[in-house]
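In order, the protein sequences belong to chains A and B.
All residue numbers for the first sequence refer to the numbering used here, where the first residue is 1 and numbers rise by one.
All residue numbers for the second sequence refer to the numbering used here, where the first residue is 34 and numbers rise by one.
These are calculated hints, taken from the structure and not from any lab test.
For each residue, glycine too, the CB sits at the ideal point set by N, CA and C.
One thing to keep in mind: the hints can contain errors.
[To be verified] Have a look at the derived ranges for each label pair, beta carbon to beta carbon:
id	chain 1	residue 1	chain 2	residue 2	range
1	B	Val115	A	His19	15 to 25 Å
2	A	Asp18	B	Gly72	19 to 29 Å
3	A	Ala11	B	Arg165	38 to 48 Å
4	A	Thr5	B	Ala158	38 to 48 Å
5	A	His19	B	Ala147	16 to 26 Å
6	A	Ser17	B	Gly185	35 to 45 Å
7	B	Gln119	A	His19	12 to 22 Å
8	A	Asp3	B	Ala147	35 to 45 Å
9	A	Ser17	B	Pro135	22 to 32 Å
10	B	Ala117	A	Asp18	19 to 29 Å
11	B	Asp172	A	Thr5	34 to 44 Å
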Amino acid sequence: MHDFTITDQNAEDWTLSDHLDAPAVLVFLRGDW
Amino acid sequence: MFGVVIDSPEQNAAMIDKLELPFPILSDPDRSAAIEPYGAADPKDQRNIAKPTVVVVGTDGSELFRMESRDFADRLPEEELVEALQAMDLPPTSQEPPVTGPAEPGPKAMPREALVPYYRGARFAAVALGNRHPQAKEDADRYVAQMDRYVGALKA
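If we strip away everything but chain B, and leave its shape as in the complex, we get (with noise of 0.2 Å):
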C-alpha cells in the first residue's frame, strides 16, 4: 500500500510519524505524475487537492480495482474497501513500515491530540446539518459514521 498526497516529503514524513501509519506517502506536489493520470484529481475542487481514491494495480500494469470518493470530505469506508481487497483473493504480501526522513509538519497540520475534539466537532454539525436538512440526512449520517471510526480509531 503506497500513499499519494500533493504535500512535500518532509510533511508526509511528519503524517507518518504522527499517525503512524505502515505505509510510504509519496508526493505529487503538481498531480501531473500520478494524481491527474490516475483519475483522482478533482477538477471542481481549487486547491489542487486529491479526491480521495483507491486503485490496485496488478502485477501486469493492470487496473484491478478502483474507489473514488465524490469529494475531498467523503472518505471510502475502510470496512468496505477491505472487504473488496478480500474479495479479490490476491496473494499475500509484506510491506516494511517506513522509515521516515526529516519531518516538518505542514501549516495546517493538527498535532495528533486535536484530533479527537477536531472529529467529534465536525460529527456535532454533521448530526445539526442533517436533522436540518433533511435531504442532507443520509449525507450527514454517513460523515457522522466517518468520524465514528476515525475517534475508534485514535483510541485504540
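Next comes chain A alone, as it looks inside the complex (with noise of 0.2 Å):
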C-alpha cells in the first residue's frame, strides 16, 4: 500500500492508514475550482 498523508479541509494532517479500520474509498476529483 502506498501510504501518504495529506491535509483535509481544515487544514489537518489526514494519513491513510488512519482510516482502514474499513476499506476506505478514495475519490481523485478534477479540482482547479
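Dock chain to chain to rebuild the complex, using the hints, since each chain is given by itself in its own frame.
Structure, rendered in C-alpha cells:
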C-alpha cells in the first residue's frame, strides 16, 4: 500500500493508514475550481 | 469515502459547503502524495489536475477496486460505481459528515445557483456536437446523460 499524509478541509493532517478500520474509497476529483 | 484534489483546504471547505458533500476532501496540491502514486494524474493534461478515479483500499492496504475516467471531462457513472461497490459485499460502515473550517472558493468556482444553467448549456453543446459528428455521438450521449444526472442531483 502506498500510505500518504495530506491535509483535509480544515488544513489538518490526514493519513490514509489511520482510516483503514474499514475499506477506504478514495475519490480523485479533477479540481482546479 | 474521501475526496482528493489539488485545491487548497479553504477551497475544499467551500466546495463541501456549496454541494453539501457528506465526505471530507483532501488537498494534494502538487499531486505527489496521492494523486500520482495512485495513478490518478493525467499526463496528457498540462493543468496539473487529477483524472477522475476511484480506488478502494482494503483494511490490509490492498487495492480492492479501481475505476478510471478517460480524462478530466469524463465522470464516472455513479450508478455503475455504486453497483460495483455493492457487488464487493464490503462490511457496512458509517462516516460522520465533514466539519469545514475557513472556506474560500477558488477563482473559478461557480455559485450553486449557476450550476444548473451551466450544465444545461454544456448539455446543449454536447447534443449539437453529437449530431454534427456521428463518430462522437456515443461520447456526446454519455456526456448528455452525465449533465442530466447533475441537474437532477441539484434539483433533488
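Here is how each hint holds up against the structure:
no. : hint                           : verdict
1   : B:Val115 - A:His19: 15 to 25 Å : holds (20 Å)
2   : A:Asp18 - B:Gly72: 19 to 29 Å  : holds (22 Å)
3   : A:Ala11 - B:Arg165: 38 to 48 Å : holds (46 Å)
4   : A:Thr5 - B:Ala158: 38 to 48 Å  : holds (41 Å)
5   : A:His19 - B:Ala147: 16 to 26 Å : violated (34 Å)
6   : A:Ser17 - B:Gly185: 35 to 45 Å : holds (37 Å)
7   : B:Gln119 - A:His19: 12 to 22 Å : holds (21 Å)
8   : A:Asp3 - B:Ala147: 35 to 45 Å  : holds (38 Å)
9   : A:Ser17 - B:Pro135: 22 to 32 Å : holds (27 Å)
10  : B:Ala117 - A:Asp18: 19 to 29 Å : holds (26 Å)
11  : B:Asp172 - A:Thr5: 34 to 44 Å  : holds (38 Å)
Checked against the numbered hints given earlier, the structure breaks only hint 5 and satisfies all the rest.
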